[in-house]
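Novice: Chains as they are written, first to last, in my numbering: chain C, 1 to 573; chain V, 1001 to 1381.
Hints in this document: simulated from the structure, not taken from any laboratory.
All C-beta atoms in this analysis are idealised placements derived from N, C-alpha and C, irrespective of residue type, glycine included.
Errors might be hidden in some of the hints.
[Claimed, not checked] Short derived list, chain C residues pointing at chain V, Cβ under 10 Å:
{"id": "1", "residue": "D53"}
{"id": "2", "residue": "V64"}
{"id": "3", "residue": "L165"}
{"id": "4", "residue": "I167"}
{"id": "5", "residue": "G174"}
{"id": "6", "residue": "Q199"}
{"id": "7", "residue": "M223"}
{"id": "8", "residue": "Y269"}
{"id": "9", "residue": "P350"}
{"id": "10", "residue": "W371"}
{"id": "11", "residue": "T448"}
Listed below, chain by chain, are the residues.
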Amino acid sequence: MAKTKLVVDPITRIEGHLRIEAQSENGKISQAWASATQFRGIELVLQGRDPRDAWAFTQRICGVCTTVHAIASCRAVEDALGIKIPHNANTIRNLVHGMQYIQDHVIHFYHLHALDWVDVVSALSADPSKAAAIGKSISPWPNNDEAHLRAVQQRVKKFVGSGQLGIFAGGYWGHPAYKLPPEVNLLAVSHYLEALDWQRDVIRLHAIFGGKNPHPNFLVGGMASAINLSQATTFNAERIADINGMIKRAKDFVEQVYWPDLVAIAGFYKDWGSIGGGVPNHMACGEFPETDINDTKGLYFPRGIIMNKDLSHVVEYDQKKVKEYIHSSWYDYSKGAEEGLHPYEGETKPNYTGPKAPWTGYLQDEKKYSWMKSPRYEGKAMQVGPLSRMLVAYASGHKDAKELITEALKKLNVGPEVLFSTLGRTAARGVETVLLAHKMEGWMADLTTHIKNGDTATFTKDKWEPSSWPKKAEGYGYLDAPRGALGHWVQIEDEKIKNYQCVVPSTWNASPRDAQGQPGAYEASLADNHPLVDPERPLEILRTIHSFDPCLACGVHVLDAEGNEISSVEVNT
Amino acid sequence: MLTPSAYPWVEGESLGQHLDERGIPRRDFLEYCGSLAVMLGIGSAAAPKVASALESQKRPSVVWLQLQECTGCVESVLRTESPTIGDLLLDVISLDYNHTLMAGAGKAVEKAKADAMAANKGKYLLVVSGSIPTKDNDIYTMIGGKTARQQLEEAAEGCAAIIALGACAHWGGVQGARPNPTGAVGVRDIIKNKPILVCAGCPPTGDTVTATVVHFLTFGALPEMDREGRPLFAYGERIHDQCSRRAHFDAGQFVDTFDDKGAREGWCLYQVGCKGPATFSPCPIFKWNTRTSWPIEAGHPCIGCTEPYFWDTMTPFYGRLPDVAGFGIEKRVDTIGLSLALGAAAGVAAHATMTVLHQIKRRKATEQVPEATEDEGVNNG
Ligand code: SF4
Ligand code: SF4
Ligand SMILES: [Fe+2]
Ligand SMILES: [Fe+2]
């Protein structure tokens, strides 16, 4: 087979706009290019604004990982102004962020990723009684019974028979890379549908603490949802009972549906444990502070870096070693395109040099080909996300993570080396979801214990008034989001934002090549022992790209070094 | 929800059969149509009309474009309240294009979209979330090798009507806030020859979208709208007029700082920046996430996200209303009562605020002109 150049644009079932280009030869991908094709400029919009508003703006970087930018932003501003939030506010943020992880990972697995492994059309020829037998053998989930599965199959049959395939039109059904027996496909389709209802229920926790989801409300200094057990309109016993119910239903679904499905499906795709490993360095900034954000030893998911797949050694993470490069990105730097800049000095002048629209050729022929910058840690490309977090946890001796990963490896009869792969990324997401589904109960118990002991504080007010702020301040807020390590850097001057920079998980993973020619994580993975049977039906590419759970809107944002004038506003508080 | 549900209503199946299959008695369906009719502001007497319109529907094609955006609007629609009968409605739709959910990618989905548009020419409903960047030859958002503008123009050409979903599609959204680096604009700034309905908000509640689609199916037309193109059934009321904390506003009981005594008693959030008095939105009525709560109920002031240019006109978010620079709405009111409010002494400017509110109320009564869009709004680009 000759060398083929190919384009997949748009990549679907992700957040945002991503174009993948590749070259393939003899059924394998030799090189790949990841190009972010949307630019929004939100960091620039932040300049000159009240830093207490920044969480709301940055939250709109992404509506899929809603909450993560808002919390990172609050942490950055609190760091800059020296605000210590009350214990309850920290716990509430953990609950909100924890449920975000759980809900987001399940949606990712069933609605964004599953169709890469699950052939919906094949489910039509399943034997529902056999499917039920398989279902019962892996889980006590009540809907894994024959009657339910038969009904699901009937409905899907009719749906397909109608000829109006809706979102299933254009799927790669019957592709040889689909390996599941029809019965397992049927189980997965049934859970795809159930997960749609489930996600709507459990995320109501965000509405209780933040008024809505997507984009619940946050507050610099704590949380706005006041606690008063004797009030019908505040956070009270009725709300506590509602949340406990959600946490239970979240845990049941994760334990009885998501995790068993994941392990069962992985069993049919073990070969994907040696495909798509890519960048061998993994970074986690750590998340879920049990006590205080500055106590980095007390993070439930530990902080650290794994270099070169070496699980015997965890390198310490230091935000000062992060720099962003623009060698292949459509920007200019005042010091030249080959310099790297730390986020505090971050600057970006968009300068599009690509072909005129509409694009008819290939971006891979261009020197610059993406709106994504290339963050590097000490000059090295990094992977971030669930796998990186779980590897750091595993290597740090995290008891819960180690137990669950060991159990899963044993079930699949494979060694830890398979973790560095497309399958590893997908499996690690499930591991941390199980851990958090358990953790939620503990946080909720912590909150109720504090309330019982008379501690109902949710907000620290001493630095709320801008008049109490120093003339100049700067701060850093980290957060390990569902998609990986995130950092916000803020500089405040005269009560306004002077500078704001975010370095986001998908910027690490989706970054283009740097000056050394080092590809970003997507690009490296697609070129690592990666099959592509039919360039016209690039199912395998979707598998690996989706294993990262891309969030492109998150990755692309800009700060204008020139700082256009922004009119100031008088606040009378 | 526009996603496939466990109970797709397929062509060739009568509504009666479909309801049977789902175990839904006909009486429940009629009741549901009644409550929908009330929600849509057409009175429960119109229930039989809603029912018969829904019964006779085939699944119409919906094409959903996601342009320059954050996907929050799609997520919001995924959270739509789902009483058993609610799904039924959405099964009525054939969602023929949507990035977040489609199985295929690249050429395969662009072809699926082209096929759906050709097969349903003149009939499909176009949903748009996200803005259109217009600076530097539109280069800031490319999808399938085409600019967002080109994608929009192509899809709008053969559609019956457009639902502009969210602040981004409405007027440009967060990337359209000052200084609007990419020249982001809303759908109405690009498409001039199609009916456009705006589900305003960042994001809007999913239920608003659902109800709008139902209206379109029932009456073959978009519902009555205000001057912003927002359906009156959802955006006809000011938050402040429906707010559960309103009694405290009237009684002069205010939260002065978060987590103070007033906050723990559920008092009014006006002093900590609530934009409810200047915001038309169904939040207090429909609430959020299957009616669990809504921002003010959960203790945070309203940020005014259903109003045009709110990122500039409603900020700083914690600044008290009349003092907020911009206070956008009054620019579109003939009589401005604001000077009164601005002149009021510090403390609780309740009387003056009432005057502002009164003026805004009058705006609503005089504003029923869906066609005028040119003279609209402060373009901050
Ligand atoms: S309106 Fe808000 S929620 Fe919707 S896409 Fe735009 S930023 Fe996201
Ligand atoms: S000011 Fe806000 S919190 Fe107070 S009554 Fe009006 S809408 Fe409700
Ligand atoms: Fe995101
Ligand atoms: Fe950035």
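Novice: The structure should be examined with respect to each hint, and the outcome stated for every one.
Specialist: Hint check results:
The criterion of a C-beta within 10 Å of any C-beta in chain V is met by D53(C), whose closest approach is roughly 5 Å, and the hint holds. Hint status for V64(C): holds, given a least beta-carbon distance of 5 Å to chain V, under 10 Å. Given the 10 Å rule on beta carbons, the hint for L165(C) holds: about 8 Å separates it from the nearest Cβ of chain V. Hint status for I167(C): holds, given a least beta-carbon distance of 5 Å to chain V, under 10 Å.
For the restraint placing G174(C) at the interface with chain V, the shortest Cβ-Cβ distance is roughly 12 Å, beyond the 10 Å limit, so the hint is violated. Using the Cβ-Cβ criterion of 10 Å, the hint placing Q199(C) at the interface with chain V is satisfied: the shortest such distance is roughly 7 Å. Taking 10 Å as the C-beta cut-off, the interface hint given for M223(C) holds, the closest approach to chain V being about 8 Å. Here the hint on Y269(C) is broken, as its CB sits about 18 Å from the closest CB of chain V, past 10 Å.
Given hint, P350(C) at the interface with chain V, holds; its Cβ is 8 Å from that chain's nearest Cβ, closer than 10 Å. A distance limit of 10 Å between C-beta atoms decides the matter here; for W371(C) the minimum to chain V is near 8 Å, and the interface restraint holds. Against a cut-off of 10 Å between C-beta atoms, the interface hint on T448(C) is violated, since the closest Cβ of chain V lies about 17 Å away.
When held up to the earlier numbered hints, the structure conflicts with 5, 8 and 11 and fits the remainder.
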